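2 protein chains.
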Amino acid sequence: MDAPETRELAYFVAVAEELHFGRAARRLGMAQPPLSRAIQQLERRMGVVLLERTSRAVSLTPAGRVFLAESHKALDAVAAAVRRAQRAGRDVPRLMVVMKPDGDAGLLERIMPVYRRDPDALEVEVVVCGIGEQAQMLRDGRVDLAFLHAPHDDLGGFDTELLLTQDHVAVLPSHHRLADRAALVLADLDGDPLPRWAGPEEASGPEVRDPGQLMQLVALGQMVAVVPESVRRHARSDVVCVPVLDAPRSSILLAWPERTRSRAVAAFVRASTEIAAAGPVIETVAAP
Amino acid sequence: MDAPETRELAYFVAVAEELHFGRAARRLGMAQPPLSRAIQQLERRMGVVLLERTSRAVSLTPAGRVFLAESHKALDAVAAAVRRAQRAGRDVPRLMVVMKPDGDAGLLERIMPVYRRDPDALEVEVVVCGIGEQAQMLRDGRVDLAFLHAPHDDLGGFDTELLLTQDHVAVLPSHHRLADRAALVLADLDGDPLPRWAGPEEASGPEVRDPGQLMQLVALGQMVAVVPESVRRHARSDVVCVPVLDAPRSSILLAWPERTRSRAVAAFVRASTEIAAAGPVIETVAAP
DNA sequence: TGCGTCCATACCTGCAGAGTATCGGTCGAT
DNA sequence: ATCGACCGATACTCTGCAGGTATGGACGCA
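These protein sequence lines map, in sequence, to chains A and B.
All the letters of the first sequence, read from the start, carry residue numbers 1 to 288 under the working numbering.
All the letters of the second sequence, read from the start, carry residue numbers 289 to 576 under the working numbering.
Treat the hints with care, since some could be wrong.
Reference excerpt, derived from the structure (chain B facing chain A, CB under 10 Å, subset only) [stated by the list, open to error]:
{"id": "1", "residue": "Ala-345"}
{"id": "2", "residue": "Thr-349"}
{"id": "3", "residue": "Arg-353"}
{"id": "4", "residue": "Lys-361"}
{"id": "5", "residue": "Ala-362"}
{"id": "6", "residue": "Asp-447"}
{"id": "7", "residue": "Thr-548"}
Rather than coming from a laboratory, the hints here were simulated on the basis of the structure.
As the structure is a prediction and not an experimental result, all values here were calculated from the model.
Every residue gets a Cβ at the ideal spot worked out from N, C-alpha and C, and that includes glycine.
Could you build all of it, start to finish, from the sequences and the hints given here?
Below, the structure written as structure tokens:
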């Protein structure tokens, strides 16, 4: 069969996600009948039933589930093609880098001067996105590079370079019952409200978007948090940080789309690995 | 901007590859003027000039080069979406595995019985493709798994599991001047005709499609060949195999599309790593 | 200068995609 | 059992655009 048009993929995705032709049509800004027909035609041409419909409910067949996931990938690839070409066509091409707030653990400011020395270096534009959005921005071509976090982010489709692996610390109000412990384990925090990181995750406490907010809320006694060591840099005088012995270590990785041939990306990766190899900065108190 | 239709991507790819609107139109089975218009409209909507045209020649802009590579990826993703859904919709879903002739070094027949014991196992259909076609078949969704070869194949976009790393041997006619050497280096073979592996590679000798053909041609004195050790299994009595000390080692990897969630694929990978961990079979001469 | 090449423009046509109205099946309330 | 609400499919109409033909106009070459 000949390939479906991207429009048809978008139609299918809408229906498969809504599981309701009427709502899907509204979401697509069109009437329901042409949508029904478009999906029928798609199924006919593919020779596969994607949706099971009764007059009461719509559900996905196994093939439909596969096609939904694959359609997302394909639509991402199309969007990425456009965005990357547009970026390449700009008069001053830029290297776009994305991270969540503090997602680079301070590495970027050490990477930048090294990168700028490279003859292939371009202007760098840093995008700070919401938590958990980095991978999607890389997939759909809005950025060239992302600071991702293992094991939290989905690394599928990317090449990566490991930059840093960190232990975790608990951030506690200074009057907290565990504040003077030298170390603790996760079980010690049972019952304490933990932050709900902005995004579709599950936890008990208030929603948090960046380290500053987090420190604020901890200081207020609203919650406690378990965070990578690097976040310690943002600690205020009215909170304390205590190592958590059994929190799984997390890593910061630099990621970019596979099969990328861009010299600018390659140069940035080179600079980053150089910094990573140099190891973490030993933070010292400056002598007068 | 709204996403371009796959048809438009295909049009652009044709023009970008032919660098000639007339030929591209013929290849697409359409007339030249609507093709010209479609590309113009694509550029207008994207807001990027993709092609530089004079009345004598067409060439790609930097943005056009990026868009060509990205369009290929996107079209592959669309084709893969359709094929994977079609496969998932079959009444008896099958696991499709591809390799070039002897591309598995005999591992598959050891993997199969282990795989079949897995509760998630499906029927396995093995596709033997031309040399160098494996990765493309995996990318466009015609197969679920491929035996690839490092450093020859492009692993971009795949998850992989290393199965086997091998040294190389030279296959020589038994009367060859080097036939009684215990070992040799590549430079020893300077001047001898080497096989031209079917596909777009460069070499001197006759075209070769599989190990049987290769042995035949070596036996006839038409050429010599440097091949992974596993090919030795196909050696006939009228050829000799001599280790080559300085040929870069090559690896066989099992590859599958990233972010694959299929249980059947996961089970096959499990079985394969089990076999790989068990190590190569020690080939012994059976006692009478 | 005249000819061949090649992309763009002008103009026309048919069909496919989108809209409106309506049907028909299913569930739930009474 | 009946009615009404809901929801997807069907029937029919219309319009925009993809695609075709003819031609223009720029450029290179003999």
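Q) Tell me, which hint numbers fail for this structure? A) As far as the earlier hints go, only 1 is violated by this structure.
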